[in-house]
Amino acid sequence: MKKRLLAVTLSVLMAGTALAGCGGSSQKRDDDSAKLSAEDADKDLDYTYGEGETFHSDEPITYSMMYSDHENYPYKEDWLLWKAIEEKTNVTFDLTTVARTDYNDKVSASVNSGSAPYIIPKVYDSSAYEDSGQVVTISDWVQYMPNYQKCIKDWGMEDDLDMILASDGKYYRLPGMWESTAGGYSLAIRKDVFEAAGVDLSDEATWTWDDFYEALKKVKDYTGADYVWSDGFGFGSTMNIAAVSYGVTGGYSTDGGDWGLKDGTQFDSDKDEFYFADTTDEYKEYLTMFHKMYEDGLIDPETFTQDTSQAQAKFYRGDSYVLNMNYQIFSDTLNGKMQDDNAELYFLTTPGGPSGQVKVSSRDGRLENGIMISQNALDDLGEKDFIKMLRFIDWLWYSDEGQTLCQWGVEGETYTVDDDGNIVLNSDIYYNGLNPGAEKQLNVDYGFGNGVFAYGGSDKLRYSKFSDGEKEWNERINNNKTDLKLKPPILADELQKEDLNLIKTPLMDYVNTAALEFITGKRDLDADWDAYVKDCENKGSQKYVDEANEIYKDTKDLLEK
Numbered sequence: 001m002k003k004r005l006l007a008v009t010l011s012v013l014m015a016g017t018a019l020a021g022c023g024g025s026s027q028k029r030d031d032d033s034a035k036l037s038a039e040d041a042d043k044d045l046d047y048t049y050g051e052g053e054t055f056h057s058d059e060p061i062t063y064s065m066m067y068s069d070h071e072n073y074p075y076k077e078d079w080l081l082w083k084a085i086e087e088k089t090n091v092t093f094d095l096t097t098v099a100r101t102d103y104n105d106k107v108s109a110s111v112n113s114g115s116a117p118y119i120i121p122k123v124y125d126s127s128a129y130e131d132s133g134q135v136v137t138i139s140d141w142v143q144y145m146p147n148y149q150k151c152i153k154d155w156g157m158e159d160d161l162d163m164i165l166a167s168d169g170k171y172y173r174l175p176g177m178w179e180s181t182a183g184g185y186s187l188a189i190r191k192d193v194f195e196a197a198g199v200d201l202s203d204e205a206t207w208t209w210d211d212f213y214e215a216l217k218k219v220k221d222y223t224g225a226d227y228v229w230s231d232g233f234g235f236g237s238t239m240n241i242a243a244v245s246y247g248v249t250g251g252y253s254t255d256g257g258d259w260g261l262k263d264g265t266q267f268d269s270d271k272d273e274f275y276f277a278d279t280t281d282e283y284k285e286y287l288t289m290f291h292k293m294y295e296d297g298l299i300d301p302e303t304f305t306q307d308t309s310q311a312q313a314k315f316y317r318g319d320s321y322v323l324n325m326n327y328q329i330f331s332d333t334l335n336g337k338m339q340d341d342n343a344e345l346y347f348l349t350t351p352g353g354p355s356g357q358v359k360v361s362s363r364d365g366r367l368e369n370g371i372m373i374s375q376n377a378l379d380d381l382g383e384k385d386f387i388k389m390l391r392f393i394d395w396l397w398y399s400d401e402g403q404t405l406c407q408w409g410v411e412g413e414t415y416t417v418d419d420d421g422n423i424v425l426n427s428d429i430y431y432n433g434l435n436p437g438a439e440k441q442l443n444v445d446y447g448f449g450n451g452v453f454a455y456g457g458s459d460k461l462r463y464s465k466f467s468d469g470e471k472e473w474n475e476r477i478n479n480n481k482t483d484l485k486l487k488p489p490i491l492a493d494e495l496q497k498e499d500l501n502l503i504k505t506p507l508m509d510y511v512n513t514a515a516l517e518f519i520t521g522k523r524d525l526d527a528d529w530d531a532y533v534k535d536c537e538n539k540g541s542q543k544y545v546d547e548a549n550e551i552y553k554d555t556k557d558l559l560e561k
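For the sequence shown, my numbering assigns the number 561 to the last residue and increments by one with no breaks.
Derived from the structure by calculation, the hints contain no laboratory data.
Among the clues, some could well be false.
[To be verified] Straight-line Cα separation of at most 27 Å, DSSO-like style, residue types lysine-lysine; simulated pairs:
(1) K170 with K384
(2) K106 with K497
(3) K262 with K485
(4) K218 with K106
(5) K83 with K440
(6) K497 with K556
(7) K218 with K284
(8) K292 with K271
(9) K191 with K292
(10) K76 with K218
(11) K337 with K153
(12) K487 with K440
(13) K150 with K88
(14) K471 with K88
(15) K106 with K262
(16) K150 with K43
(17) K220 with K522
(18) K553 with K485
(19) K471 with K440
(20) K337 with K217
(21) K153 with K460
(22) K543 with K487
Source: prediction; values computed, not measured.
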């Protein structure tokens, strides 16, 4: 397996910037759409492919690919992952390996300079590259990908795919797709402490945020602690999950990035238009809820400035009793992190609010990060061999066989299948809360369950990754929460994006700063509210909405099925 290190010099960066500035790489290409008929594409193949069939090339082939190297399972050249892919498909990778923390910057540099590898996975947003001419308009090519098409048809993904359309009505990355949404981030609590304080957890799946507030007060009264909740991610993740249930947006932190603040807009289906949600009565109610928690000494004042590791340390040693996390972090916490031997943990479902008992993860649909394809691939390979590469990608990332391989590895070596058809991870291998204390780890030692390859899939595959506890948590969510309707995308072109961003960036910085000031009492929610609303208008909240609605009306025909 080859491994080449990414080296981006200042001159390359300047060259890429110069190209973009003079229009060399900022112009969409209009000659990269597929021209071969399905019949011609299938003539004289030197490989096998198809729905339910393993991709295999007659001759060895290598594709260049960017690789996001995760610090929790750093790259190893001798991972079984690489060997298994090669044995199945006769394909190897020429990797450009980049530390996860630098990955987005390196993707930008390589795309802008025109030097990007063929396959660029782990991309959450392709919008910055859609006008560059350096990535393929992949929606023009997906007809050659049978497993990808099967996912769309069987799971009804058409509305979800609208979320990644560009202003031309096409899309530029192959997204990971889930058959259904599942739980994301929520709140872990010290069950032993909450129950000792007299909190009844039997109906927590139907709690509202007001119910949670009352529970926190009981815990504070019982413990006499200075605070009950010291949160991580700069409070951004918690603000996000609460915002969804209030029908507003919130959640940005320097520790966690943009959890859900976005542009502050929501969509009124009855009026068929966008509106600015973060000056509404619901938004004031949302901030009021957190402010009373802060004012009553339930939230640690350091929550908004500490990094997540500090918040976790307080929870682990018993100084706090609530912490935001996802289930994988929760599993790891259960696996020996707590310093109090008597600690018993419970993972809450996200509380409801004015918007009802909503499934937070459904707000963004069922798409995951995905794969951009460099224009270099099409230019170098030519149409016939480019389609061959797409069919390899189709098998590895979208077929049941490829997804199972990437997630669980090789049957008989890393897992077995029981009489009911369920995957059983070998007892000496740990993954995601399964087999705690095992001497090996599926991702660290073998490369499987790796975020570059293992995302998206059927409900069966998703649930195969869950411990009994995570299955039970998702059942609580599915039985008590409803999916949100997706709001339509704003299909802005390059100039419109620039105009919108010029408004959005300072506006939402102000909204986020003001939110934290309202929560902590630096601003008064009664005396200062009208001035806050006026400031948002002065910073362009209404102008942003007007432009968004104009774009929406002009592009609605692109969204019609």
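Evaluated hints:
In summary, the hint linking K170 to K384 is supported, as the alpha carbons are separated by about 22 Å, within the 27 Å threshold. Our distance criterion of 27 Å between C-alpha atoms is met by K106 and K497, whose separation comes to about 22 Å. For the proposed pair K262 and K485, the alpha carbon gap of about 17 Å is at most 27 Å, so the pair holds. Proposed proximity of K218 and K106 is contradicted: the alpha carbons are some 49 Å apart, above 27 Å.
Using a Cα cut-off of 27 Å, the hinted pair K83 and K440 holds, with the two alpha carbons roughly 18 Å apart. Simply put, K497 and K556 have alpha-carbon atoms about 17 Å apart, close enough for the 27 Å limit, and the pair holds. Between K218 and K284 the CA atoms are separated by roughly 25 Å; this keeps the pair inside 27 Å, and the hint holds. About 33 Å separates the Cα atoms of K292 and K271, which puts this hinted pair outside 27 Å; it is violated.
The straight-line distance between the Cα atoms of K191 and K292 is roughly 23 Å, inside the 27 Å bound, and the hint therefore holds. Pair hint K76 plus K218 does not hold up; C-alpha atoms about 50 Å apart against a cutoff of 27 Å. Between K337 and K153 the alpha-carbon distance is near 43 Å, which puts this suggested pair outside the 27 Å criterion. The straight-line distance between the Cα atoms of K487 and K440 is roughly 43 Å, outside the 27 Å bound, and the hint therefore fails.
Note on K150 and K88: the hinted pairing holds, with a Cα-Cα distance of about 21 Å set against a maximum of 27 Å. At most 27 Å may separate the alpha-carbon atoms for a hinted pair to count; K471 and K88 exceed this at roughly 31 Å. Between the alpha carbons of K106 and K262 the distance comes to roughly 23 Å, so the proposed pair stays at or under 27 Å and holds. In summary, the hint linking K150 to K43 is supported, as the alpha carbons are separated by about 22 Å, within the 27 Å threshold.
A distance of roughly 23 Å separates the Cα atoms of K220 and K522; the hinted pair therefore holds under the 27 Å criterion. Of the pairs offered as hints, the one joining K553 and K485 holds, with about 19 Å between alpha carbons and a cut-off of 27 Å not exceeded. Only pairs whose Cα atoms come within 27 Å are accepted, and K471 paired with K440 is accepted, the gap being roughly 23 Å. Pair hint K337 plus K217 holds up; C-alpha atoms about 26 Å apart against a cutoff of 27 Å.
Only pairs whose Cα atoms come within 27 Å are accepted, and K153 paired with K460 is accepted, the gap being roughly 17 Å. Distance hint between K543 and K487 is fulfilled; the C-alpha atoms sit about 19 Å from each other, no more than 27 Å.
Hints 4, 8, 10, 11, 12 and 14, counting from the list given before, are not met by this structure.
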